[in-house]
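Participant: Protein chains in written order, with full-length UniProt numbering: chain H, 1 to 477; chain A, 1 to 477.
Treat the hints as calculated values from the structure; they're not laboratory data. Incorrect hints may appear among the rest.
[What the hints assert, rightly or not] Chain A regions said to be covered by chain H (calculated; three or more residues, Cβ under 8 Å):
no.: 1; stretch: 186–192
no.: 2; stretch: 314–326
no.: 3; stretch: 383–393
[What the hints assert, rightly or not] Some but not every residue of chain H turned toward chain A, in silico, with C-beta under 8 Å:
no.: 4; residue: Asn154
no.: 5; residue: Tyr196
no.: 6; residue: Arg318
no.: 7; residue: Leu443
Each residue gets a CB set at the ideal place from its N, CA and C atoms; glycine is no exception.
Number of protein chains: 2
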Amino acid sequence: MDLSALKPELLARFAAIVGDSHAIRDAAELAPRLVEGRGLYRGASPLLLKPGSTQEVSAILALASETGTAIVPQTGNTGLVGGQTPREGGNDVILSLERMNRIRDVDPVANVLVADGGAILADVQQAAEAVGRLFPLSLGSEGSCRIGGNLSTNAGGTAVLAYGNMRQLCLGLEVVLPTGEIWDGLRRLKKDNTGYDLRDLFIGAEGTLGIITGAVLKLYPQPAGHQVALAGIGSPEDALRLFERASNLCGPALTGFELMPRIGVEFTTRHIDGVRDPLSEPHPWYVLIDISTSDTAETAEIMIQSLLEQGVEAELVRDAVIASSVAQQKALWHMRESLSDAQKPEGGSIKHDVSVPVSKIPAFMAEAGDAVLKAVPGARICAFGHLGDGNIHYNISQPIGADKAAFIGRWREVNEIVHGVVLSAGGSISAEHGIGQLKRDELAHIRSPIEMELMYRIKRAFDPAGIMNPGKVVTLP
Amino acid sequence: MDLSALKPELLARFAAIVGDSHAIRDAAELAPRLVEGRGLYRGASPLLLKPGSTQEVSAILALASETGTAIVPQTGNTGLVGGQTPREGGNDVILSLERMNRIRDVDPVANVLVADGGAILADVQQAAEAVGRLFPLSLGSEGSCRIGGNLSTNAGGTAVLAYGNMRQLCLGLEVVLPTGEIWDGLRRLKKDNTGYDLRDLFIGAEGTLGIITGAVLKLYPQPAGHQVALAGIGSPEDALRLFERASNLCGPALTGFELMPRIGVEFTTRHIDGVRDPLSEPHPWYVLIDISTSDTAETAEIMIQSLLEQGVEAELVRDAVIASSVAQQKALWHMRESLSDAQKPEGGSIKHDVSVPVSKIPAFMAEAGDAVLKAVPGARICAFGHLGDGNIHYNISQPIGADKAAFIGRWREVNEIVHGVVLSAGGSISAEHGIGQLKRDELAHIRSPIEMELMYRIKRAFDPAGIMNPGKVVTLP
Numbered sequence: 001m002d003l004s005a006l007k008p009e010l011l012a013r014f015a016a017i018v019g020d021s022h023a024i025r026d027a028a029e030l031a032p033r034l035v036e037g038r039g040l041y042r043g044a045s046p047l048l049l050k051p052g053s054t055q056e057v058s059a060i061l062a063l064a065s066e067t068g069t070a071i072v073p074q075t076g077n078t079g080l081v082g083g084q085t086p087r088e089g090g091n092d093v094i095l096s097l098e099r100m101n102r103i104r105d106v107d108p109v110a111n112v113l114v115a116d117g118g119a120i121l122a123d124v125q126q127a128a129e130a131v132g133r134l135f136p137l138s139l140g141s142e143g144s145c146r147i148g149g150n151l152s153t154n155a156g157g158t159a160v161l162a163y164g165n166m167r168q169l170c171l172g173l174e175v176v177l178p179t180g181e182i183w184d185g186l187r188r189l190k191k192d193n194t195g196y197d198l199r200d201l202f203i204g205a206e207g208t209l210g211i212i213t214g215a216v217l218k219l220y221p222q223p224a225g226h227q228v229a230l231a232g233i234g235s236p237e238d239a240l241r242l243f244e245r246a247s248n249l250c251g252p253a254l255t256g257f258e259l260m261p262r263i264g265v266e267f268t269t270r271h272i273d274g275v276r277d278p279l280s281e282p283h284p285w286y287v288l289i290d291i292s293t294s295d296t297a298e299t300a301e302i303m304i305q306s307l308l309e310q311g312v313e314a315e316l317v318r319d320a321v322i323a324s325s326v327a328q329q330k331a332l333w334h335m336r337e338s339l340s341d342a343q344k345p346e347g348g349s350i351k352h353d354v355s356v357p358v359s360k361i362p363a364f365m366a367e368a369g370d371a372v373l374k375a376v377p378g379a380r381i382c383a384f385g386h387l388g389d390g391n392i393h394y395n396i397s398q399p400i401g402a403d404k405a406a407f408i409g410r411w412r413e414v415n416e417i418v419h420g421v422v423l424s425a426g427g428s429i430s431a432e433h434g435i436g437q438l439k440r441d442e443l444a445h446i447r448s449p450i451e452m453e454l455m456y457r458i459k460r461a462f463d464p465a466g467i468m469n470p471g472k473v474v475t476l477p
Numbered sequence: 001m002d003l004s005a006l007k008p009e010l011l012a013r014f015a016a017i018v019g020d021s022h023a024i025r026d027a028a029e030l031a032p033r034l035v036e037g038r039g040l041y042r043g044a045s046p047l048l049l050k051p052g053s054t055q056e057v058s059a060i061l062a063l064a065s066e067t068g069t070a071i072v073p074q075t076g077n078t079g080l081v082g083g084q085t086p087r088e089g090g091n092d093v094i095l096s097l098e099r100m101n102r103i104r105d106v107d108p109v110a111n112v113l114v115a116d117g118g119a120i121l122a123d124v125q126q127a128a129e130a131v132g133r134l135f136p137l138s139l140g141s142e143g144s145c146r147i148g149g150n151l152s153t154n155a156g157g158t159a160v161l162a163y164g165n166m167r168q169l170c171l172g173l174e175v176v177l178p179t180g181e182i183w184d185g186l187r188r189l190k191k192d193n194t195g196y197d198l199r200d201l202f203i204g205a206e207g208t209l210g211i212i213t214g215a216v217l218k219l220y221p222q223p224a225g226h227q228v229a230l231a232g233i234g235s236p237e238d239a240l241r242l243f244e245r246a247s248n249l250c251g252p253a254l255t256g257f258e259l260m261p262r263i264g265v266e267f268t269t270r271h272i273d274g275v276r277d278p279l280s281e282p283h284p285w286y287v288l289i290d291i292s293t294s295d296t297a298e299t300a301e302i303m304i305q306s307l308l309e310q311g312v313e314a315e316l317v318r319d320a321v322i323a324s325s326v327a328q329q330k331a332l333w334h335m336r337e338s339l340s341d342a343q344k345p346e347g348g349s350i351k352h353d354v355s356v357p358v359s360k361i362p363a364f365m366a367e368a369g370d371a372v373l374k375a376v377p378g379a380r381i382c383a384f385g386h387l388g389d390g391n392i393h394y395n396i397s398q399p400i401g402a403d404k405a406a407f408i409g410r411w412r413e414v415n416e417i418v419h420g421v422v423l424s425a426g427g428s429i430s431a432e433h434g435i436g437q438l439k440r441d442e443l444a445h446i447r448s449p450i451e452m453e454l455m456y457r458i459k460r461a462f463d464p465a466g467i468m469n470p471g472k473v474v475t476l477p
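The shape of chain H in the complex, shown without the other chains (with noise of 0.2 Å):
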């Protein structure tokens, strides 16, 4: 396949829809649109689309379905995946959310809100604040990636602990399936048992059964009371132990809980502007602990102390800071929030996003970091993340002087190793990034075949003209 194969005669046909000035063929403007940030995935594409309405969204699809014209949805490419990324063959035509970005309502009483699917996600979170409301959802690219895209990938982030994923923040959705017609599933009810949740069956589905353009998402009151501290432990099972006390004493007000390898720590001291170690001693390990309580400040700081003054007394902590400021809490959530970025100097990384039930997590992490150091000896482990979920982003920074090309040369062979214990642990090997064309092989491989069989029916059943995002989550046999 080339260029040549989509005619001019049928771009103008797609272009015509949104008009010119909305219709996007000009290389250079195209370019940042066929690859995503870390330079994983790279694609081509003839023709950028930009809708301004879930109308032309709907005739976009239908003149896709009628021309077999592969569609690719993009909201704030900023996924992990390559599933917001076009495909080699140059075929693609991307459909870009970006012009549809409005907060369409906000009912504090109800506490709900309807954003378009290209709402960026700071602007829902501070017109939920601005009624005085907290939209939860969090995440290092709050400033660019949008709300389509958020539920596509059913996105995790900091909050997930007390609030859960993208799927638990959301009421109703409308989407324009692959056919151009318009499902309206836009309901604001917490309870509506009538027929098949197709809700859940788009969310997360990254974009291959149907384009979200609008969404009804949760509010939930702002805390009262919030409280940040850095412990310093012996290890992962010592962290579960601390978890386990603080899940008791803090039920729902524990909204964070965050484990952190020494190496990361000191990647991040090393490499990142304005982060310190705020403990005088190194520990092996440390966990962020973030307590939001509703009735009173107090609360919170009742709870932190309680639960650090457990921790040291059954000798789980050995050293903890609680942050005595807003900037000091926001000093804390920001070396976790680099630990990512602050292994990029150190050379090559190969990552996983991980998870295994939370009693398994310190066995996973023994038996990984063995399985890792014995194929690759040397290898720093930097492994970090979401410990009360279960979730742990699993990245292996390469030897002191490696060659780097040909550590990530050896993607593949790690991420057998890691997934075999995850698997084996009875762990996802895609917690809150979703598949896309990176795992969508393994996906393949590790599921059973009749799990397979029933996403292919319903990849089928929704985008019989096969045009909806091809190439992602699933090929069909």
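Starting from the known structure of chain H, fit chain A onto it as the hints suggest.
Facilitator: Relative to the frame of chain H, chain A by itself:
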């Protein structure tokens, strides 16, 4: 169609799968399985099968798909919409999960419990309690309803406000597909973004896409503090204002916020043993407030007192009582949970299980009340329920002295009136009970053609032979 359509040879083949002692053909033994609790639905069946394993369920469904035999799954037979009742033709074979009632595993560290689809809800609650954990689903029928049915109807109940419906309480499923294939999706993961969300498609499908034979359920820490109060208030509007204050103050510690009308309190004190009005004066409306705290018992006390003080100051609360013992807490909840039963001695009752966005509850109550009383002067509206979820059980007792049969004969007419108001408020005609037979035709009427078409495509994709609980939820065109 008549009973002879299912030939004895075929019945014998089914019986051979489970063994004769678990294949019931005796009319007296079958009788209670052919009718649901209130007698609204009656059906006929030549055979009740009680498989003892997932493999036996698989063999039954494979044979059913091969021979085109309709299978009706049944667990506790407590459903309220006829979903578990065989059709009248006498050709539906009933498959009961009652022998598959094991708790397979409990992991209090990972906070998960794995149960058979036939495990009784109360047994699951007790198994959680035995390891110091809470399984929050709580229903009037918890002593007899079973997990497979709870999942298949996405059960709600009294703890949805803080913990969500059954959908939010489930991490993984084991499902036997209509073809007899087994999907092992028994994952114990909080985060797992690997392809289409099959789990949520089976949850709430009312046994029309497969049979849930096993489930991984979420456990929670047991609360340290628990307080229950009853407040007399003036109107649903005041109840909504109080609910806003409660959710701001208590956040996720607000575990129940139930609305009751004066007439409901009168019905319960008149007809239910041991129920008495705990307030000295009558009030137009009441709210039952339930608070559970994780840190200390005192936090719950302080919260409930602060809330009631705020309510009195804002002139929302006219009088209130805080339960001073566990027995008093139970007594207050008993009043609320007896509301349905207390209507029975008052004659016929036309029922609705509806939801609207919580901010629209006062307007819905006013409009629905006007419309119902215009159509049925003297009707006694006993509308109560889970205000915090926007879910009202809009029950209407017959006018005093009216003919019960004539009143009940107006069921559809009154349904249309109430559901009309619900739908104009963007509400749901089935908040928590499901569709079953009762609302099947209405669903096809109120949903868009494209939404029904998507459901038909899913039904065809999962159940090509059309054997899985036919006539429930959807009927293929």
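Participant: It remains to establish, for every hint, whether it holds in the given structure.
Facilitator: Verification of the hints:
no., hint, result
1, 186–192, "holds (count 6)"
2, 314–326, "violated (count 0)"
3, 383–393, "holds (count 4)"
4, Asn154, "holds (5 Å)"
5, Tyr196, "holds (5 Å)"
6, Arg318, "violated (22 Å)"
7, Leu443, "holds (6 Å)"
Against the hints set out earlier in the document, violations occur for numbers 2 and 6.
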